[in-house]
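**Student:** Residues per chain, in single letters:
Number of protein chains: 2
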Amino acid sequence: MKTVTTSARLRKAVKAARREGKTIGFVPTMGFLHAGHMSLVERARRENDLVVVSIFVNPTQFGPNEDYHAYPRDEKRDLAMLEQAGVDIAFLPAADEMYPKGFSTYVLQEGTLTGTLCGRSRPGHFRGVTTIVAKLFNLVRPDQAYFGQKDAQQVAVIRQMVKDLNFDVRIVDCPIVREPDGLALSSRNTYLDPDQRRDARVISQALFEARAAIESGQRDAAAVRELVRSRIASVPSVMIDYVEVVDADDLTPLQRLRGRVMIAVAVKIGRPRLIDNIQLTVQ
Amino acid sequence: MKTVTTSARLRKAVKAARREGKTIGFVPTMGFLHAGHMSLVERARRENDLVVVSIFVNPTQFGPNEDYHAYPRDEKRDLAMLEQAGVDIAFLPAADEMYPKGFSTYVLQEGTLTGTLCGRSRPGHFRGVTTIVAKLFNLVRPDQAYFGQKDAQQVAVIRQMVKDLNFDVRIVDCPIVREPDGLALSSRNTYLDPDQRRDARVISQALFEARAAIESGQRDAAAVRELVRSRIASVPSVMIDYVEVVDADDLTPLQRLRGRVMIAVAVKIGRPRLIDNIQLTVQ
Chain A
2 MKTVTTSARL RKAVKAARRE GKTIGFVPTM GFLHAGHMSL VERARRENDL VVVSIFVNPT
62 QFGPNEDYHA YPRDEKRDLA MLEQAGVDIA FLPAADEMYP KGFSTYVLQE GTLTGTLCGR
122 SRPGHFRGVT TIVAKLFNLV RPDQAYFGQK DAQQVAVIRQ MVKDLNFDVR IVDCPIVREP
182 DGLALSSRNT YLDPDQRRDA RVISQALFEA RAAIESGQRD AAAVRELVRS RIASVPSVMI
242 DYVEVVDADD LTPLQRLRGR VMIAVAVKIG RPRLIDNIQL TVQ
Chain B
2 MKTVTTSARL RKAVKAARRE GKTIGFVPTM GFLHAGHMSL VERARRENDL VVVSIFVNPT
62 QFGPNEDYHA YPRDEKRDLA MLEQAGVDIA FLPAADEMYP KGFSTYVLQE GTLTGTLCGR
122 SRPGHFRGVT TIVAKLFNLV RPDQAYFGQK DAQQVAVIRQ MVKDLNFDVR IVDCPIVREP
182 DGLALSSRNT YLDPDQRRDA RVISQALFEA RAAIESGQRD AAAVRELVRS RIASVPSVMI
242 DYVEVVDADD LTPLQRLRGR VMIAVAVKIG RPRLIDNIQL TVQ
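As you go down the protein sequences, you meet chains A and B in turn. With the working numbering as the guide, the letters of the first sequence map in order to residues 2 to 284. With the working numbering as the guide, the letters of the second sequence map in order to residues 2 to 284.
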């Protein structure tokens, strides 16, 4: 595995592979890798000749009062995991490599996709996401890029960006990986103390109960939302940011459940903010 | 010459050439071609294996009260000129091919480069420019892209975008082409009636007099600005939008002339808005 820290060296390494006709798979991450990330890496490894993984805690997608500086980092462990998984190129740029002095161009999405759910709670977050992903796509020019469904809104936003700005890349979204008790894997789970970790189980439990209700015939979005909301509210340490029942593709709120449906949740448990969702198709 | 109207067909045609190892030169235009455009096309032809020219009057770079609908168009004549010049691919998309329903992702530049000169008079203009150029760069993936120095601010904005978003393209800027009496070529010159056309000579005359003054030792930016301003104001039909003396690279206003200097002018003559500039290096 080649580890590179500058855009120039990354571009050179990728170009050499492209000249040989290799297909390129790309997994952008913020590091502190877990089995969720590794499921993306493994799929990229199976489907491409060359696999590039970036590790970059992207400052522009954090708000001023968010956890940019506290975000967990462990480069050494991350690199060992990527090496073990057969990754070809790891890209670990410094912040001023990606945002040098005078940086002033952003990719911005307007409308529903960025105005709802996490976009409402984290103004500017998706501008940071689309900007860094556009930069990384231009550097890597992957054939396929891999994203986790845990960040379902991010996937929808990036799909729209790819379409709108004519990026020539296929977006592959991969299932959420969960702990045995249901908690969605997240680098931010490391913030939880043992009590919070136990209480966090209620997020996925509420979502699974909602799925069971829908599978038993529930089609009223407000009832599903209330089921999830009240289940989570039963655990006092878990503060709800939002519970929404939306169309899984365009993220607009639903009244009757039909087609591809997503139930999305964001909560705070103490300081950490955690998100989760389930997606299902309703006849 | 191949004429294509869809992004999918453009991408396919360009990919075939790239697979053969051809270098790609790209000239984005809004059509109604003149010798200024053709100087870009000829240079692209000399420097690349494959030359792609786009003709697209980009709605997002026009303000609500600007001349989008009136902008001159003559596809048949344009295509004949491109064919004659040895262009390989002409791309003429419809507006809804580039901006389909639901389009919502823009490339936006903040700061001095877009906040001054035409950016002040035409809010949103450069957002439209960076968005369409980003789209076209992603479709064509050129090695070189060619722009005219008449739109000097546009060149500066695009250079910054390329750097910030890591586009892998070399920006080539080419000298202004002028009528025998000095008027900078522009598709908008066609709006001028004979009196206005005669009066328009004052723009370049004022700029050339300023250059002569600088070459004779004038180093005070305010004096140069006043020289240009008063010379243009001597023709009553010509309304000044701005006259600015700026650093040619970062477009910040100058007090003493030194280094790469640009004198930039925008005027209205009746309805049409015309721009011009000269750039020179001052010891």
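There's no promise every hint is true.
It does not matter which identical chain is used: a pair holds within one copy or between any two.
[Said to hold, decoys possible] Restricting the straight-line Cα-Cα distance to at most 16 Å, the calculated cross-link-like pairs of lysine to aspartate or glutamate (EDC-like) are: (1) 13 / 169; (2) 16 / 50; (3) 16 / 144; (4) 77 / 210; (5) 13 / 250; (6) 16 / 216; (7) 23 / 182; (8) 164 / 98; (9) 269 / 111; (10) 23 / 84; (11) 102 / 251; (12) 164 / 216; (13) 3 / 68; (14) 16 / 152; (15) 13 / 180; (16) 164 / 97; (17) 13 / 200; (18) 3 / 210; (19) 269 / 180; (20) 102 / 227.
Read the hints as simulated data drawn from the structure, not as lab findings.
**Student:** In ascending order, which of the hints set out earlier in this document are inconsistent with the structure?
**Tutor:** 4, 5, 6, 7, 9, 10, 12, 13, 14, 15, 17, 18, 19, 20
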